[in-house]
Amino acid sequence: MAAIEILGLEKSYLTGFWRKSTKQALRPLHLTIEKGEVFGFLGPNGAGKTTTLKLLMGLVFPTAGSARILDMNLHDPRVKAHIGFLPEQPYFYDYLTAQELLEYYGQLSGVPAKERSTRVEQMLARVGLQNAARTQLRKFSKGMLQRVGLAQAILHEPELVFLDEPMSGLDPMGRREVRDLIQQLRQEGKTVFFSTHILSDAEALCDRVAVIHQGELRGVGKVAELTSQVQGKVEISFYGRSAPAALLSLGAQARVSGDMVNAILPEEQQETALDVLRREHIRLISLTPLRSSLEEYYIQKLQPVESKGAGA
Amino acid sequence: MKSRIASVAFNTFREAVRDRVLYNLIAFALLLSGAAILVGQISIDIERLVVVNLGLTAVSLFGVVIAIFIGIGLVSKEIEKRTLYTVLSRPVRRWEFVVGKFFGLTGTLVVNTFFMAIGVFLALLYVAHKFEAMDAWVLVALYFIVLQFLIVCALALFFSSFSTPLMSAVFTFALFMIGSLSEDLRGFASITRGIGGWLATAVAYLVPNFSALNVINRVAHGDAVPGRLILYNSIYALLYSAMAISGAVLIFQRRNLK
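Protein chains in written order, with the working numbering: chain S, 118 to 429; chain A, 57 to 314.
Just so you know, the hints here were simulated from the structure itself, not pulled from any lab data. Treat the hints loosely; a few may be bogus.
To be verified - Partial selection, computed: residues in chain S whose CB lies under 10 Å from chain A:
| id | residue |
| --- | --- |
| 1 | Met118 |
| 2 | Leu176 |
| 3 | Ala198 |
| 4 | Pro204 |
| 5 | Glu217 |
| 6 | Leu382 |
| 7 | Gln386 |
In this text, all values refer to a predicted model and were calculated from it rather than measured experimentally. Every residue gets a Cβ at the ideal spot worked out from N, C-alpha and C, and that includes glycine.
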């Protein structure tokens, strides 16, 4: 069952002093995200990721198109009770403590008064802020604010969580914690829709990804499939300071680093290459088929539409 | 719905308190106690008149300044700082947010006025050594001042729903000034003929009638305030504020939060 169905959602803004020129922030977008999926929305800065999220949150109104969230119309007020949202670079009421902020959001989300303080404590512990519960947010670091942001997004136990650049500005430890949290949400059966331009995060976390560029959807695919496509080449690593001439004559591209050589050559030359290494008494380290990476897919999808190959 | 409006209102009140808005009470207390001591020493028989006039005028001005300067930022600051995103992504309707903000600010002003009123009565007690029956009318003047605040807050909120904070402050303050002279404007309209007369009449009835809400001079002289005026002013202030808030909601409801 679909958690999100985006049906031709489109957004353009009138610009200029007389508001006569139009800037298209999002071209008609059609996208379906299944329940329980962790979905990555990839694209460079200014691609239309945040616009899409704002449209889905009802913060901006679409020029055309519509969307259904959890089988309800986008503008149905009931939707909001079932979703959580972390905006990009969140800013919260800095005169409140973390505990007060979550209590406030709990009230607004309709968390019953009896459960509220327990839930707030649990959430603060979950994001590792239990010791800073009574500290005003103006004294928080960027990483701590991001954690509060995550806590407020999942405080009311939503079925669907939208995260806009959740790892941005975090140190490696913070990124790891956010990754773990998203993994936990997946295990709990929640649907997670997150935008990012950090591909390694998307590769590690997402079931599927979509690439958006200049307000246009460029491709959607399963991460497992995108990264398992064999390119028809293998990489052979072995000890040595140079590649044997016999190997180079097979069309291998060799790169020496320290006392190790990495050579990439066509898959059909694999057996001949191994024979060469045996003959020369060279110690083999590894032989790996080369697979496409998410980065290659992403870069390919960012190419201008005219020169881009067909297919998702 | 009620609990969400109350939550937004309480948070607005809490913000004002933590931003030290109520510190203005210290300035007010200093002004009033200084004035009471001075008046007690130099004037004969007009102490009450001076204290009531000065005290109520200060209550009104302090409150109007707070209403304008907080009111203009109620919505625009939330948009600019993007704190609104995490509020509106919850089951909070935009109109609930605007109404909650309005109640939060008016609540702040009511609390502020309450403490200032205590100050005014203490100053009265200091100069007159006792309370008189006519002092009860000071309470009516304070009630009218609170009604003024309702209108000023609603106007500030209305302008801030589509304009920059600076322009909102200018518009609201201008309307407050013109509204304070609305009796004169109505007088001018009645003696003007032609298009000018029509225009003056339209403006006179469009701007908030703060003149009718100002009974400071009357109560300072110990004169009574008619019950009918209290009723009319209450209805007028509530309707005018409701209209301005409705306007703010209508605009905000359609606004893209870029």
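Here's how the hints hold up against the structure:
{"no.": "1", "hint": "Met118", "verdict": "violated, 22 Å"}
{"no.": "2", "hint": "Leu176", "verdict": "holds, 4 Å"}
{"no.": "3", "hint": "Ala198", "verdict": "holds, 5 Å"}
{"no.": "4", "hint": "Pro204", "verdict": "holds, 4 Å"}
{"no.": "5", "hint": "Glu217", "verdict": "holds, 8 Å"}
{"no.": "6", "hint": "Leu382", "verdict": "violated, 52 Å"}
{"no.": "7", "hint": "Gln386", "verdict": "violated, 56 Å"}
In the structure shown, a violation is registered for the earlier hints numbered 1, 6, 7, in ascending order.
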